[in-house]
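Undergrad: Can you make the complete structure from the sequences, with help from the hints?
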Amino acid sequence: DAGVTQSPTHLIKTRGQHVTLRCSPISGHKSVSWYQQVLGQGPQFIFQYYEKEERGRGNFPDRFSARQFPNYSSELNVNALLLGDSALYLCASGRDNEQFFGPGTRLTVL
Amino acid sequence: AQSVTQLGSHVSVSEGALVLLRCNYSSSVPPYLFWYVQYPNQGLQLLLKYTTGATLVKGINGFEAEFKKSETSFHLTKPSAHMSDAAEYFCAVSVGPSSGGYNKLIFGAGTRLAVHP
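Residue numbers (this note's numbering), protein chains in the order written: chain B, 911 to 1020; chain Z, 4 to 120.
Just so you know, the hints here were simulated from the structure itself, not pulled from any lab data. This structure is a prediction, so every number in the text was calculated from the model and none was measured. Quick reminder that beta carbons are idealized off the backbone N, C-alpha and C, glycines included. Please note that a few of the clues may not be correct.
Mimicking BS3-like on lysine-lysine, the simulated pairs with C-alpha atoms at most 30 Å apart in a straight line are [said to hold, decoys possible]: (1) Z:K52 x B:K940; (2) Z:K72 x Z:K52; (3) B:K940 x B:K962; (4) Z:K72 x Z:K61; (5) B:K923 x B:K962; (6) B:K962 x Z:K52; (7) Z:K61 x B:K940; (8) Z:K61 x Z:K71; (9) Z:K52 x Z:K71.
Sample of chain B residues facing chain Z (criterion: CB under 7 Å; computed from the structure) [claimed, not checked]: (10) A997; (11) L1000; (12) F1011; (13) G1012.
Quick list of the computed label-pair ranges, beta carbon to beta carbon [said to hold, decoys possible]: (14) Z:L59 x B:A990: 31 to 37 Å; (15) Z:T8 x B:N989: 32 to 38 Å; (16) Z:N64 x B:I922: 33 to 39 Å; (17) B:G913 x Z:H13: 28 to 34 Å; (18) Z:H13 x B:I922: 26 to 32 Å; (19) B:L949 x Z:T80: 37 to 43 Å; (20) Z:N64 x B:N1007: 17 to 23 Å; (21) B:N969 x Z:K71: 17 to 23 Å.
TA: Have a look at this one:
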């Protein structure tokens, strides 16, 4: 079975631009979570969606938004990019209190 | 508020030696606890988890962890380190109601394990 997939794998943007990251969950999983992992730190929770509704939001500014589609895939959008948004963005799909992570998207903001 | 503390950002062991990675948590409710491993330029892979029941949990690749409520700890061990165990290890606690799939993970800062010959 395919695991969680994310696209793109790498992305380079400049300050002020916006970015869209995509995630496809494991088949049958209805929950998708997004995490930001800055170099040298543990992942930080950004959003969780379940059945297309936002279930939780971490301590991130409104520049960060997300949505989940009827097929349970998800997009994370970040507007007005800052240098500090450079990080590995991880998507996880969940079932039974367990989250399965994708390989991540490495975002570099110049 | 829930939190996770991993003692030691870097741990170095010899191949064949015992691996001990420390994790302490803070939670106002019975926690679900997890250990994940991250290899360079990859996502997170679940090693093991504790939800309820037996406090000694066995995971993949020979790792195990013991939930000690009195010590609020969930330390990860492996009797004999292998070179392939070199990676970053994260302890995490799950918060929020489990029903409906909402289970936000709070991670520790990670421990980088180095294994030398």
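Undergrad: Okay, which hints does this one fail, numbers in order?
TA: 10, 14, 19, 21
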